[in-house]
Amino acid sequence: MSHRHSIFCILPPHMLDQVAQNGSNAQREMAARTLSTSSQIRDRRVNVASAVIRGAFTAAGTSQRTVYDAKFGTKLPGTVARKEGDTPIADVAVNEAYDGSGATRDLYSVAFGRNSIDNNGMNLNSTVHYDKGYDNAFWDGQQMVYGDGDEDLPPAERLFNRFTISLDVIGHELTHGVTQFEANLVYRNQQGALNEAISDIFGSLVKQYQRGQTAADADWIIGEGLFTTNVNGVGIRSMKAPGTAYNDPVLGKDPQPAHMKDYVTTSQDNGGVHINSGIVNHAFYLSAIEIGGYAWEKAGQIWYKTLTDKLTSNSNFQNAADLTFQTAGEIFGVDSLEQLAIKNGWTGVGITVNGTTPVPPPSGDGCLKGLLHSLGLAR
Amino acid sequence: MMRIVFERTGGFMGRKVSLSIDLADLPPDQAGTLKQLVDESNFFKLTELPPKTPLPDGFMYSITVETETTQRTIHASDTNFPQTLRPLLENLLARARVR
Ligand SMILES: [Zn+2]
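Protein chains in written order, with our numbering: chain A, 14 to 392; chain B, -19 to 79.
In short, the hints are calculated from the structure, not lab data.
Please note: incorrect hints may appear among the correct ones.
To spell it out: a stretch of chain A is covered by chain B in this simulated footprint if at least three of its residues, at any positions, have a beta carbon under 8 Å from a beta carbon of chain B; those stretches are [to be verified]:
1. 101 to 111
2. 147 to 153
3. 175 to 187
Beta carbons: idealized from backbone N, C-alpha and C, even for Gly.
The task is simple: from the sequences and hints, build the whole structure.
This is the structure we're talking about:
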């Protein structure tokens, strides 16, 4: 599983000493463990692998999962069905919510060094079996909520399966939490569509990471498995080909545009946040394909840093384009293949990147900064 | 006379589900049930809900009831939906959801 080790670098011991002195309990533990290992290494340098960091982040006192059961009612959170460390129970939705939030936490931890939703070990709460016939999942500002689709209808009439069935839906909902703690993008119009796209992007990366798929291998479908066999469709959205995910006599056709020329102006759905997100989704897809390899390693890294360090609540598509371009220059260098791929991705959806403002070349401390960031000691 | 207009927008899929019913067009038992659900929900006297920031992927509901003498629209989300309105919502959703 070499793809898991995306944060892998060599760190001088004095830096670990600093972490050991100034970090949180979990961080200190991790640094101490690494330091004791390092004393056995002759050149006094330490390999800090993601597994070690992950170990620190899942230590006691950090993010704990709890899955609640609403028992087809609407009261949140409901009754506890499974807690962190409990073995699977005889309820597939509960186990999917548990495993899916764990997989999402893993991607954020290993690929981006983020400690849960708030980067401070926030507990992950999910409620399943919400309401009757509830074809939906949402983030209520504090927790994830999942319905069972059309469980109340006869099988021949059902269009939707339970919403925990799709790992990228779980990653999508948790990412709304991450966005809330970072850019806090307004959930309306372009800002809202950008918010939606960020959830689709990282939701898809969770799935790709879990499957060990490269950008070229991934299906880039959001909500695969949500439709029953009564529906003509592969999922809710396609990042690869927005507008093609479904075309069904009952549900209609996937309304997503893949280009600014088809941007939809509407008052519904907070200004079409689930429609116009297709444009940003597709820009990400184009960049990730051009860069190649595992999408979370480079395209994902660029977007993560942009989300956490640069975007603000009012950022629109153009801002996202300019800022991802700038970030790519900072991480991979001006005129790097990665920066060009970001630019081309946006060009492919009809957005011209502005701002060729020279940025300093990446300094040699990228590894150190990455580790400190991952430990929550630097941003 | 009673007319009901129902809309559900937003959600993970962003798909709108809507319905407009004139009770006069329904079989009497169904019209009776709907009228009763409207009455029991205290529709015209419900306190106005405070506006909420939208929940990511949450549904937004709007129910309009119109009679000879009055008309009212209530907007609500998943988490501030009035309990007394839920039976009416269930009835409307059963009609609107799969068509
Ligand atoms: Zn969403």
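Hint by hint, here is what the structure shows:
no.	hint	verdict
1	101 to 111	violated (count 0)
2	147 to 153	holds (count 6)
3	175 to 187	holds (count 4)
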